[in-house]
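**Student:** Since chain Y is already given, all that's left is putting chain H with the ligand on it; use the hints.
Residue numbers (the UniProt record's numbering), protein chains in the order written: chain Y, 1 to 339; chain H, 1 to 77.
Bear in mind the hints are in silico, worked out from the structure with no lab data behind them. Mixed in with the good hints there might be a few duds.
Once the Cα atoms are required to be at most 27 Å apart in a straight line, the calculated DSS-like pairs of lysine-lysine come out as [as the list claims (entries may be wrong)]:
no., chain 1, residue 1, chain 2, residue 2
1, Y, Lys172, H, Lys3
2, Y, Lys236, H, Lys32
3, Y, Lys78, Y, Lys294
4, Y, Lys173, H, Lys32
5, Y, Lys91, Y, Lys204
6, H, Lys32, Y, Lys172
7, Y, Lys139, Y, Lys163
8, H, Lys3, Y, Lys234
9, H, Lys32, Y, Lys231
10, Y, Lys204, Y, Lys236
11, Y, Lys231, H, Lys3
12, Y, Lys78, Y, Lys139
13, Y, Lys109, Y, Lys331
14, Y, Lys296, Y, Lys331
15, Y, Lys234, H, Lys32
16, Y, Lys259, Y, Lys173
One letter stands for each residue in the lines below.
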Amino acid sequence: MDERYSRQTLFSPIGKAGQEKIRSKHILMIGAGALGSGNAEILTRAGVGRLTIVDRDYVEASNLQRQQLYTEQDVEEKLPKAAAAAKRLRKINSDVEIEAVITDATPEKLEELIQGVDLIIDATDNFETRMAINDVSQKYQIPWIYGACVGSFGMSLTILPGKTPCLNCILKKIPIQGMTCDTGGIIAPTVQMVISHQSAEALKILVEDWEAVRTSFVSFDLWRNQYTSMKVSKAKDAGCLSCGENRTYPYLDSENMTKSTVLCGRDTVQIRPPRQQNIQLNDLSLQLKELGYKVKGNPYLLSVEIDEQRLVIFNDGRALIHGTNDLTQAKSIYQRLLG
Amino acid sequence: MNKVLFFAHLRDAVGEEFITIDASGRTVADLKQMVLEKYTSVNLENVMTAINEEFASDDDMIHEGSEIAFIPPVSGG
Ligand SMILES: [Zn+2]
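One chain only, chain Y, in its complex shape (with noise of 0.2 Å):
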C-alpha cells in the first residue's frame, strides 16, 4: 500500500514521518454537502485514520451538479447524505475507517462527537451551527477550518484554539439570516476553489507543520476576478466569550438553540423535537398509509406527500418539511403526522 500514497509522501513537508502522521488522526467532518463531499474525499484519498461524516438531510436531485460524492440512485433511493458519502468513501479507500452519522450538529451533539478527534472541518450552510462548532473547538482546544460559498463567492479562515482569534471575535454575532441567504445559487469552480483552501489547511494540520497553516481570512470571487487575503491577527479579543478570558461557550448552550428553523432558500422547515426520539419507522409508515397518505422510505427515513407539502422523518423524530417557509404551518404539518 505505500504505492498508493507515493505522490504525496514525495511532497517533501509532508514525507513519510507526515504520512504516518495523517493515517493516526481523526478528522469531524460537519456537513456533506458540497464542501463536506469534496473535503472528505480529499482527506479520505489522504489516508486519513478516521473520517466521521455528520449531517441531517438526504440526498436531492439538485445537488447533483456540484456534491461530486453522489449519484442519481441516491437521490432516487432518496438516501441520507451521510450514509451516501460513506458508502463511496469506502469504496474509494477501504483503508480509512469511516462513520456515517445522520443527524442534526446540536452544540450537545458536538461536544459528544468532538471526542478523540483532532481537527474538524466546517461544511455546514448555516451559522448557528458555526458557532457552536466555534465554542465547541474552544472548550475542547480542536482546530477548526471555516469554509463557505454562495455564487462564484468563497472564504475560508483556519481557527486555532490558543494561537489565531476566533470566528466569534470576527463576526461579534450571528449574522442575520437572508444576508447569508443562499438564494444567489452556486457554480461548483466556487465550491471546488473553497475545498482547496480547507483541504490543504487540513493536510498542514494534520502533518502538525503549524508554520504552514494560513494565518489570513481568504476570500475571493472566480467570476469577478476578486482576491482577498485579510490579516486577522488583531481581531483577537481577550472579552470574547468563545476564546477570552471570562468565556462562556454561549454558543453551546442549547436554551439558544431554535427547535425550528427555515432552511435558507430552500423553501424547508426543519423541525427538531425537544428531546430525540427512537422512531420505528416501519409502524409509522404502516399507520400512515392506513390513513391514505402517499408514503416512501428506505432504512432511515420516511417522506409523506401532504397537499402542496413534503414531510420528511427520520427515526430520531427529527423532521423536514418542503414547500413551506412558514414556521406554523410545517409545526402543524407535523403535529398532525406524529401528534
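**Tutor:** For chain H with the ligand alone, coordinates are given in the frame of chain Y:
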C-alpha cells in the same frame, strides 16, 4: 482619497466593484454611513472590514490612501 472595494452581493447592490471616496480622518463606522447614504440598497450590518488587507473594527481610523474592503460573511456550503 480612498478606494473602497465591495465583495459578493455588496458589489451587486452598489453596482461597482469599487468606488473612490475621501474618508481620511474618519472611522470605519463613518465610512459605512457615507456609503449607506449614497447607496441605499446596501446592507453593511454584518460585513467584515479590511483596511489595507488587515482586519478593522468600526472605530478604526482610515488614513489618506488606505484601501478599504467590505466583505460579507456567507453561509452556503
Ligand atoms: Zn474569540
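**Student:** Decide, hint by hint, whether the structure agrees.
**Tutor:** Hint check results:
1. Y:Lys172 - H:Lys3: Distance ~26 Å between Lys172 of chain Y and Lys3 of chain H Cα, so the pair holds.
2. Y:Lys236 - H:Lys32: holds (22 Å)
3. Y:Lys78 - Y:Lys294: OK: Lys78 of chain Y and Lys294 of chain Y at ~15 Å, within 27 Å.
4. Y:Lys173 - H:Lys32: OK: Lys173 of chain Y and Lys32 of chain H at ~18 Å, within 27 Å.
5. Y:Lys91 - Y:Lys204: Answer holds: Lys91 of chain Y to Lys204 of chain Y is near 25 Å, not above 27 Å.
6. H:Lys32 - Y:Lys172: holds (17 Å)
7. Y:Lys139 - Y:Lys163: Within the cut-off at roughly 14 Å; holds.
8. H:Lys3 - Y:Lys234: holds (22 Å)
9. H:Lys32 - Y:Lys231: The hint holds at about 20 Å.
10. Y:Lys204 - Y:Lys236: With a Cα-Cα distance of about 22 Å, the restraint between Lys204 of chain Y and Lys236 of chain Y holds, given a limit of 27 Å.
11. Y:Lys231 - H:Lys3: Holds, at about 18 Å.
12. Y:Lys78 - Y:Lys139: Violated - the C-alpha atoms of Lys139 of chain Y and Lys78 of chain Y are around 36 Å apart, more than 27 Å.
13. Y:Lys109 - Y:Lys331: OK: Lys109 of chain Y and Lys331 of chain Y at ~23 Å, within 27 Å.
14. Y:Lys296 - Y:Lys331: holds (21 Å)
15. Y:Lys234 - H:Lys32: holds (20 Å)
16. Y:Lys259 - Y:Lys173: holds (19 Å)
Violation of the numbered hints given earlier is confined to hint 12; every other hint is satisfied by the structure.
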